[in-house]
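Enquirer: Just need the whole structure built from these sequences, with the hints factored in.
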Amino acid sequence: MTTLFDKVWDRHEILRRDDGVSLIFVDRHLVHEGSHHAFRKLAERNLPVKRADLTFGVTDHYAPTRPGPVPDNIRGMLSGLLENCAKHGIRCFGPDDPRQGIVHVIGPEQGLTLPGLTINCGDSHTSTHGAFGAIAFGIGASEVAHVLATQTLWQKRPPVMRLTVDGDLAPGVTAKDIALGWIARLGTGGAQGHAVEYAGSAVRAMSMEARMTLCNLSIEGGARSGMVAPDETTFAYLQGRPFAPAGAAWEQACDDWRALASDDDARFSRDIRIDAAEIAPLVTWGTSPEDALPITGTVPERTDRTAEALAYMGLTPGRPLAGTPVDQVFIGSCTNGRIEDLRAAAAVLSGRTAKVPGLVSPGSAAVKKRAEEEGLAQIFTDAGLTWAASGCSMCVGMNGDTVEAGKRCASTTNRNFRGRQGQGARTHLMSPAMAAAAAVAGALTDVRPMLEGRT
Amino acid sequence: MTGWTRVEGPALRFPYDNVDTDQLIPARFMSTPRSEGYGKYFLHDHPDRDTLNGATILIAGRNFGCGSSREAAVYALADFGIRAVLAPSFGDIFAANAVNNGLLPAAMDPEDIASLEGTLTVDLETCTVGGRPFRLDPAARDKLVNGWDDIDLTLSRLQQIETFTRQYHGTIPWSIPTQGDTR
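Chains as they are written, first to last, in this note's numbering: chain G, 302 to 756; chain E, 2 to 184.
Don't read these hints as lab results, they were simulated from the structure.
C-beta: ideal position from N, C-alpha, C; glycine also.
Each statement offered as a hint is correct.
Only pairs whose alpha carbons sit at most 30 Å apart, straight line, appear in this in silico DSSO-like list of lysine-lysine: (1) G/Lys457 <-> G/Lys342; (2) G/Lys708 <-> E/Lys41; (3) G/Lys342 <-> E/Lys41; (4) G/Lys670 <-> G/Lys656; (5) G/Lys342 <-> G/Lys388.
Residues on chain G that point at chain E, a partial pick, calculated with CB under 7 Å: (6) Gly441; (7) Ser443; (8) His447; (9) Ser589; (10) Phe718; (11) Gln724.
If you want the ones that stay clear, here's a sample from chain E, every Cβ over 10 Å from chain G, calculated: (12) Thr3; (13) Arg14; (14) Asp80; (15) Asp113; (16) Ser116; (17) Val146.
Expert: Right, here's the structure in full:
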C-alpha cells in the first residue's frame, strides 16, 4: 500500500511531533553562491557545519560563461562561496574545477544523486534529482542554515499525486513538452502541496536526462518534488560515477534500490493520466509556465486573465504562434542543458544557419567537454551561435547573461516570468529541438518538418 | 525572530495571480547583504509598486510567491513593512520561507478576500483577519506566535539525531558518498 515517496520518507524520519511535523535526515546538501544568506546566519550564531562530508558546493548561479572582466559583485559571490566552503571543510567545485556545472546537472553526473536519498538545495529546481528515485526539493535560506547546522529538516509529509504518461512520444516531442502540457492542463498551482510521482510506459522508456527534465519542472506545476522509481536505466547511468558506491557497496545498493517502487496497491491522493501520443511540441506564449500551447496553435484571445501577459509579451490575439519572430535563442539550464539536450539541438542545426544570434551554455564543464569531443560545439558555432561555458547563465541572468528589454528569446529554460531573463525580456519556453528550429527560422516554428530525414 | 499574535494596519490590494518570486525581487539585487535592507527592491520592476506604499497587509491573487526558493522575496516583503499576505493560495516554498521570517501567509477563500478593505486586524489566536477566517497550518501558527527558531529546537534534540544517524548509516552505508576525488 506504500508509495515510493513514503518508502523513502519513512527511512529518513527521525521523529514526528504531535502536530504532524517530522524531523527528516538529509543525505545530501548542495550549496551554491546564493547560499550566502544561510552561511551568514550560521556565522551570526557561531555554529559549525554539522556534516561537511554530506555537503557539496558548486559555483553556478553567478558563474561567468564568457571570457572578459568579471564585475566585482559577481566575483564577490563566487569567492564568498569558496571561502565559506573552505572555512567549513566543504568540498566545492569552483570555477576552474572540471566538475563544475549547474548544481542539478553535476549532482547526478558525479554520482552524488542516488536512489532512496533525501537531497536538498537552496534552489527550487532541486526537484530534478527526484528522477533517480530520491526525495529532492528546494528550500529557502533559513532551511539551508538549518540543514547546515543540523543535517535535518522539519517537514510535514505531503500527499502524493501520481502522474502517469502512457504510450509513445511522437518524433520531435520530448519530456519538456510532457511537462509543459500537464502544467498547462492543471495550472502552475495544480500540484501545490503535493509530491509528484511520474509513472507509465512513456516515463519508463525515457533516458535519465529526459526524466531529469520532467522532474525539474515539477516545481513549475506547484509541486516541491517530483520522482521516478529507479530501474535498470537509472543503475546504468550511475554505475562508475565518481561518488557513486562501488564494488560490494554497489551491489548492496542496487539490491536496495530494486525495492524502491510504489506498491501495486499504493494509494495516491490524486491520479492524473496523460496519453503520450496526444502531445505535440509546445511553446509558451505568456508569463507563466501554464501559458503553454502546441506550436500549431494561435495566440489566445484577450481576456481579463490573458491581457497583462499578452501586453508584456507584445503578442496579437488570434495570430498563429508559428511565425512569431524571435530576436535570439538560449540553449542551456538545469532543465535542458545536458548532453542529450545539446545533441537534440545540434541534430536540427547541423548543416543549417541560424537567422538570429543565440547562446549555448552547456549544463556542466563535463557536458561542455563531451559536446566538444562529439563535434556538437562545432555545429553550434558553424550555425552562428555562441558556445559558452557552463552555468545558470541566461536562465536567471545573475551572471550578466541577460536578454534586453523588449527582446524576444526562444529559450530551453524553465521560467517565462516577467523579467526573469532580464528586465522587460520576453521569454518563450520550449524544448532544445524547438529552440534550435527557432534559431534557423528566426521565428517560433514547428521543428517536426526540420527533422524529416534526420534522426 | 520575535513572535506576534495581533497586527493592525492598512491592507492594500495587489490583485494579480501567479505573482512569482522573480517579480517580488528581481535576481539582479540578490547579491546584496540583508543588512542593507531589501525593502527598496520589493516588486522593483512592477508598475504598481508605488501604490503599495504604507501597506502592512497585502491582499493578493492565487499562487502568490510561486517560483524560486529565494528567501529574499520574503525579505523584500518584510523590509517593505508587510506583516501578512492574504491570498487564495501560495507557492509552497514561499509559504515556508514566510513563516520562517515571521511573515504570515494567510490562505483565504476568494469571496472573503474580496470583502476586505481598509485598516484590518490580523489575529493569529482566532486565525481571522477583518473578522474573516484564514487557513494556516497549526505548526506554522505556533511558530509565528512563539517566534520559535527551528535551529534551537533541533539542537535540543541532538542526542536523538545522533542515535538515528548511527543506525541509519549502519543499515544504509552506501548512502555516504565515496571519496570521489581520490579515485
